[in-house]
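J.: Top line first, the protein sequences correspond to chains A and Z. Residue numbering for the first sequence is 1 to 848, as defined by our numbering. Residue numbering for the second sequence is 1001 to 1076, as defined by our numbering.
Simulated from the structure, these hints should not be mistaken for laboratory data. Note that the structure is predicted; figures quoted are calculated from it, not measured. Using N, Cα and C, we set each Cβ at its ideal position, and we do this for glycine too. Do not take every clue at face value.
Claimed, not checked - Far from chain A, by Cβ distances over 10 Å, these chain Z residues were calculated:
{"hint": "1", "residue": "THR1004"}
{"hint": "2", "residue": "ALA1010"}
{"hint": "3", "residue": "ALA1013"}
{"hint": "4", "residue": "ASP1022"}
{"hint": "5", "residue": "ARG1048"}
{"hint": "6", "residue": "ASP1049"}
{"hint": "7", "residue": "LYS1062"}
{"hint": "8", "residue": "ALA1074"}
Stated by the list, open to error - Computed, partial: chain A to chain Z, Cβ under 10 Å:
{"hint": "9", "residue": "ALA222"}
{"hint": "10", "residue": "TRP267"}
{"hint": "11", "residue": "VAL301"}
{"hint": "12", "residue": "ARG340"}
{"hint": "13", "residue": "VAL358"}
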Amino acid sequence: MTTTALERPVSGSGPDRRLAPEGLPLTAAQSAVWHARTPGPGSPAWATAEYLDIRGELDPELFAQALYRVAREADTLGVRIADTPAGPRQLPVDIPPPGHGFPLHTADLRAERDPMGAAHARMRADLAVPFDLARGPLFGHGLLRVGEQRWLWSQRVHHAVLDGYGHSLLARRTADVYTALVAGTDPGPGPFGRLAALVEEDAAYRGSAAHDRDREHWLRHAADDDAPTLAGRTAPPSGTALRSTAHLGTEETARLRELAASVRATWPDVLFAAQALYLSRATGSERVTLGLPMMGRMGSVALRIPGMVMNVLPLRFTVTPDTTFAELAHQADLGIRAARRHQRHRPAEPVRAPQVNVMPFDYGLTFAGAPSTAHNLSGGPAADLTVSVYDRADGTGLRVDHDANPALYDARELAAHQRRFVDLLARLADGDPHRPLAGLGIATDEERARVLTEFNDTAVALPPTTLIGPVEARAARTPGAPALVHGDLTLTYGELNARASRLARHLAGLGVRPGARAAVALGLSVRETVAVLAVLKAGGALTGPDDPAAVCVVTDAATSRTLPDVLVVDLDDPAVTAAVAGQPPVDPGRALTPHHGAYSAGSTGSTSGTLVPHATLDGGLRWLSDRCGLTAGDRVLRHAEAGSEASLRELLWPLREGATVVLPENGDLARTVRERGVTTVRCDRSQLAALGGSSLRRVVCEGDAPSREAVDAFHRALPDVALHLVYGAGEAAGAAHHRCEPGERGPVPLGRPAWNTRLYVLDAALQPCPPGVTGELYVAADRPAHGHGAAGEHLVGDPFGPPGGRMYRTGTPARWTADGRLERPAPTTPASADAAAEAGRTALPEAP
Amino acid sequence: MALTLEQIRADVADVLGEDPADIPDDENLVDYGLDSVRIMTLVERWRRDHGTEVTFVDLAEKPAIEEWAPLLGASA
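Isolated chain A (complex conformation) (with noise of 0.2 Å):
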């Protein structure tokens, strides 16, 4: 105690009001932080803490004594916690008074250049210094000047002996005997009931008949395993939460009531359906859980005792796209209501999900007529993700805290998510409660817009081309190029196309013509690609050779006897080579048009699939080209199966940009891109560890996305060598493209929209997704359908396109990114089992 202190006329320092020398056993609520194991409860994580902004005079060794009194008064606060032979006792401590270890810091910061960011600081180091709990005392005060009118106070207590609540108990009394002291007058006894009657209850409620209830209603209502959280995974909780601050007005609030009251529900209703809802949609799950605090202090003694009592408790959901908000009101209601009947009864695991707190109590506080307003530092170990919503003392509205774990959310998001929330409430209280919440997306009007155009803002006006061509005219204008390399024979432009003309003059007599279909059932060779470019010459569209409108079947003897009955022409017959080399070697006349189908990949026995028209495979290249930057001096290995779309596009790719296409000669494709001096690939990406060879510059890897270990692997041994990813299959072929880049960590991006392409990540509401949050890949299309036969039902109505258009639904569940990369999430990680029975209490303030 200073000599300064001792000088006023202090009425004494109050009652000592310390436990018993043998101490007292712990509650189940003391208990649950003592076992904790992740954070231990040695960590710093488990301080909880708040400070008082105070505006005006105040006497620093006046309110040193005040909180000497109080500290003494509550005898919750003056213990250590040690195992014993009996198990674990709180055990009582010497208090020493201010100036002679009383746990206090004091300073005055207002010649620093910045006195509360200098402030901030001191209190987050003393954030970070644990207590001894073995030596106790368990809590600590700071009393920092900020201003000349200004000051700021913060306690922080362990949370094995107080939790929110009890805060608030100590910020009340420590105002009233700091005002009774400058007034010189009695505080008058403490206020607070003794830890031993808090024991005694806790222990008289554990043998109880209503424990056994509680327990059963527990047994039969509790948490999903697998509740989902809006991070996707867990990690062990953290020391400090990161915290996103926003403010409701006076107005908002209002209407936030007033939607409350058309429900027939309280505002904390309003807010936790609001929570459930948004979880749902940002996780696709029709179930959630949120983590409800309850105080659990009503009716009894703990009212008037400054201790750790509080619980969390499941709260669940179900939420459809059908459901009304109205509805989801009363399930947060009926939910809260049971809840509260067995509020005292401890689950096993503590509840890891996102938690909603709603603070209602009045904290303008003032201390000898100087005003404060309460800030909460820290509410125990961060878990997952808390809201709290206070009621602002001065009835200006409501003050929102998004809490979270900095393992699992970073700034931004946290933001982002704090955004969407306050934006889904006012869009809550503007619409009609009744009405089924399908229409209702959780991005903002300003996402929703980055995520519908700015994102896909992929027109590009084509010139309208086949696909055979620009292949035409490469093979005028460079005809000594090579353009087919089998071997060591290599084929020039001119003589490929010479070969083709031929073949196509005679199919066109056989009724090959532009609107017809012909199928090609070689095996890859070079007879084979003269073939695949006779039938696009003619005019006719690739098919199978079970399409049953195929106008005739180009092939060769041996696979010619096991076709049903239809045109063949065989390749192998010496009638139909002379007839073919009769012909002479120019193009043949037709009147194709980039509209006219150009590939079927859908036909089956019975039925003829739709036809990608020449256009949209065209349009296709072209973006391909421009993306990968194919040129003349390229070979490009053609090694896909015969038939299949990919290989026809590594046939027309490089042809239409004038490169050399190579077909391989054995299996080894390592083998043949070293000896033939192949500088593309196209591939998939069980094919990308078997890639290799001096002249290989770029890769493309079609398909659905490699691994990271499988891109990094690929970076690794290939340095030199561009890997370009193209997602899609069937209907999403081509549907975006990234380049990878060494360097790039977490989720292999599938990349951009292709151009004129549109994609869209949407929620179950088939509402849009906002970027970081995982949805449901759409691929709208302006090019006309891909027609894959398996295609129908996965089409639907495109709301954000022209009218009359449509999406096709991949199943692929992916999401953007902030600046507009498509990804798919990285597989969700199994809950370490510690993790999740440690992802207890975040929040520190606790209501209702």
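On the provided structure of chain A, position chain Z as indicated by the hints.
T.: Relative to the frame of chain A, chain Z by itself:
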């Protein structure tokens, strides 16, 4: 204006969304859905309309109408 038992019952029923006839005087109102938010609503309403000085703790300690009546200076 002083509070009456009837008015207390009516106000409690109102915040709980129930019929006043269904609110007993002698039972724990927590079982009827009374929570801290609703208690705060009552504290503020009665302070504003009837000038009472009860606190949250006073009402939450024994949440039953017959316990509240003397605190609120109410007569039947």
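J.: Could you check the structure against the hints above and give me the numbers of any it violates, in ascending order?
T.: 7 and 9
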